[in-house]
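Sequences and hints are given; from them, build the entire structure.
Residue numbers (UniProt numbering), protein chains in the order written: chain A, 1 to 192; chain B, 1 to 361.
Please note that a few of the clues may not be correct.
Stated by the list, open to error - Okay, derived cross-link-like pairs now, DSBU-like style, lysine-lysine, Cα gap no bigger than 30 Å in a straight line: (1) B:Lys164 <-> B:Lys239; (2) A:Lys69 <-> B:Lys51; (3) B:Lys43 <-> A:Lys177; (4) A:Lys177 <-> B:Lys59; (5) B:Lys59 <-> A:Lys36; (6) A:Lys3 <-> A:Lys69; (7) B:Lys293 <-> B:Lys334.
Because the hints were derived from the structure by calculation, they are not lab data.
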Amino acid sequence: MEKDTLLWQRFKEGDRTAFESMIRIYYRPLFEYGRKIMHDPDMLKDCIHDLFTSLWERRASIGNTDHIKPYLLTSLRNRIFKEKQRSDLLVTIEDWQEEAIMSEDAVDIKIISTDATLENEHRIHHIMHTLTRRQQEIIHLKFYENLSNDEIAVVMAISRPAVSNLLHQSLKLFREKWLSLLCMIIILFLLF
Amino acid sequence: MKEYKNYNLEDFLLDDSFRNWVLGEDVRLDELWIDISQRYPEKQAIILQAKDLILTWRKQNSALTNDEIEFQISRILKSTEQESIPEYKVATVNWKWWTAAATVVLALGIGWLTWRGIKPSPQPFTYNAYVTENPVPLKEIVNTTDKSLKITLPDSSIIELTPKSKISYAQPFVINKKREVFLSGEAFFRVTKDVQNPFFVYANGLLTRVVGTCFLVKASGENVEVLVRSGRVSVVAMKDVNNQKKRNTELLLTPNQQATFSAKDNLISKSIIEIPLALVKIDAKPDFNFENKPISSVFSTLEKVYGIPFVYDNTIMNKCFLRVKLNDEPFFTKLDIICQTIGASYRISDGQVIITSEGCQ
Numbered sequence: 001m002e003k004d005t006l007l008w009q010r011f012k013e014g015d016r017t018a019f020e021s022m023i024r025i026y027y028r029p030l031f032e033y034g035r036k037i038m039h040d041p042d043m044l045k046d047c048i049h050d051l052f053t054s055l056w057e058r059r060a061s062i063g064n065t066d067h068i069k070p071y072l073l074t075s076l077r078n079r080i081f082k083e084k085q086r087s088d089l090l091v092t093i094e095d096w097q098e099e100a101i102m103s104e105d106a107v108d109i110k111i112i113s114t115d116a117t118l119e120n121e122h123r124i125h126h127i128m129h130t131l132t133r134r135q136q137e138i139i140h141l142k143f144y145e146n147l148s149n150d151e152i153a154v155v156m157a158i159s160r161p162a163v164s165n166l167l168h169q170s171l172k173l174f175r176e177k178w179l180s181l182l183c184m185i186i187i188l189f190l191l192f
Numbered sequence: 001m002k003e004y005k006n007y008n009l010e011d012f013l014l015d016d017s018f019r020n021w022v023l024g025e026d027v028r029l030d031e032l033w034i035d036i037s038q039r040y041p042e043k044q045a046i047i048l049q050a051k052d053l054i055l056t057w058r059k060q061n062s063a064l065t066n067d068e069i070e071f072q073i074s075r076i077l078k079s080t081e082q083e084s085i086p087e088y089k090v091a092t093v094n095w096k097w098w099t100a101a102a103t104v105v106l107a108l109g110i111g112w113l114t115w116r117g118i119k120p121s122p123q124p125f126t127y128n129a130y131v132t133e134n135p136v137p138l139k140e141i142v143n144t145t146d147k148s149l150k151i152t153l154p155d156s157s158i159i160e161l162t163p164k165s166k167i168s169y170a171q172p173f174v175i176n177k178k179r180e181v182f183l184s185g186e187a188f189f190r191v192t193k194d195v196q197n198p199f200f201v202y203a204n205g206l207l208t209r210v211v212g213t214c215f216l217v218k219a220s221g222e223n224v225e226v227l228v229r230s231g232r233v234s235v236v237a238m239k240d241v242n243n244q245k246k247r248n249t250e251l252l253l254t255p256n257q258q259a260t261f262s263a264k265d266n267l268i269s270k271s272i273i274e275i276p277l278a279l280v281k282i283d284a285k286p287d288f289n290f291e292n293k294p295i296s297s298v299f300s301t302l303e304k305v306y307g308i309p310f311v312y313d314n315t316i317m318n319k320c321f322l323r324v325k326l327n328d329e330p331f332f333t334k335l336d337i338i339c340q341t342i343g344a345s346y347r348i349s350d351g352q353v354i355i356t357s358e359g360c361q
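Right under this line is the structure:
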């Protein structure tokens, strides 16, 4: 992507506007992705903050890229995993931040409802939450971030065949769960 | 043309052209896919499901607001701006400048000289004790001038050292994944973020661990005080640092909270700083114009703007509504006005505002 190459080039030369527009473009995608692999939104914001500040500090020495998004997603992913490893060092702080997490994962959804159109979205979210983190992550990268399989391979640090394999597996699992849920709803609907 | 009759849900989902059509990114695809769905009527249900899924997955489901993004962007820009600012003035002058950055003001209780005057025997957690007992050679910097002295640490963190104050740090600076600075007197710290190597400030009997970026450490008066502007900071009494069982004495401070450390009895207590400042950035002015708002939403606005937790009984107060227009009054003035209006009272405990009310009619 030529646009990316240019923006990246300007940023590397120390262009503040280019830097700012880069943050503006990629903040939300980074955050949405980060939420798939990190619970605490405040920690995540810190991670993204650190990601960009260290990028700025190292701007002169980092290589060229024509795909900024996968590059940033990869850096964020590495950063989050490092942050998790570090957690034993700042145990108290992590503990303190755990509070908010619980409520979010308690998926409180009325699965059985007759109002199909309204509840469809809830059902989709519900099934998403029954998948593993990795399966959720790959679906997010494919469908929300709209990455190609090659790019996903880079971000998740797995081979390209592994990407299409995992992707297929996750979607198949999703389909099966979804269909059985829909069947159940229909049966219940017919019964009552 | 591809064999769509064998397409299942996954195949549709993973078809680039199908995805682009659903997302409306290419209008030229309209014809193609409308044609396909007509040609394979038995696939229509699956196509609808696939569309549903793609559209749902595309939705932003984290509750990140645009305001929050703007705030985070300006935070990043400010942190990266620092290196290009050649001279940094005293903290109070640039107070607003720091609103986004983490600022800790640490007022240190015992000027160490007076301390030594009172107690001639060496204390375990004094500056001299830290410096002489440190196993590695330290570099000491004393500000003998009458102006504040700017020091750049090896990790590119910057310290503004007030006159008659001194700091020491190890060389090399990072040892055992820690960056440690020993302080006597008063200093303003702007710490370069490095999550791998946390930053510690030892000031008398109190250890301050920096999670945020900027803070002021002051040594005067009788107690050690830590005042947090924003960001996260933890403080712990030195005597408890190596005692795992007592680690719960470690206090975490959030914006506008303050810890007071008494060296005499080694106790830390949490409170609210004297003049809490709004945490929201200046150009996004918070709206304090409450037009018949339920009291819970008033408190939650204050909680958000000042970052101070409110504790109250919503079942008693759920009939309390507030119609009042507030502006730039200090936090406690606002609190007074609100409490007087709804006939409630408040007290501060453990860094929180506790509201007492008998309810409203």
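For each hint, the structure was consulted:
no., hint, verdict
1, B:Lys164 <-> B:Lys239, "27 Å, holds"
2, A:Lys69 <-> B:Lys51, "25 Å, holds"
3, B:Lys43 <-> A:Lys177, "19 Å, holds"
4, A:Lys177 <-> B:Lys59, "21 Å, holds"
5, B:Lys59 <-> A:Lys36, "14 Å, holds"
6, A:Lys3 <-> A:Lys69, "12 Å, holds"
7, B:Lys293 <-> B:Lys334, "15 Å, holds"
Violated hints: none; the structure is consistent with every hint.
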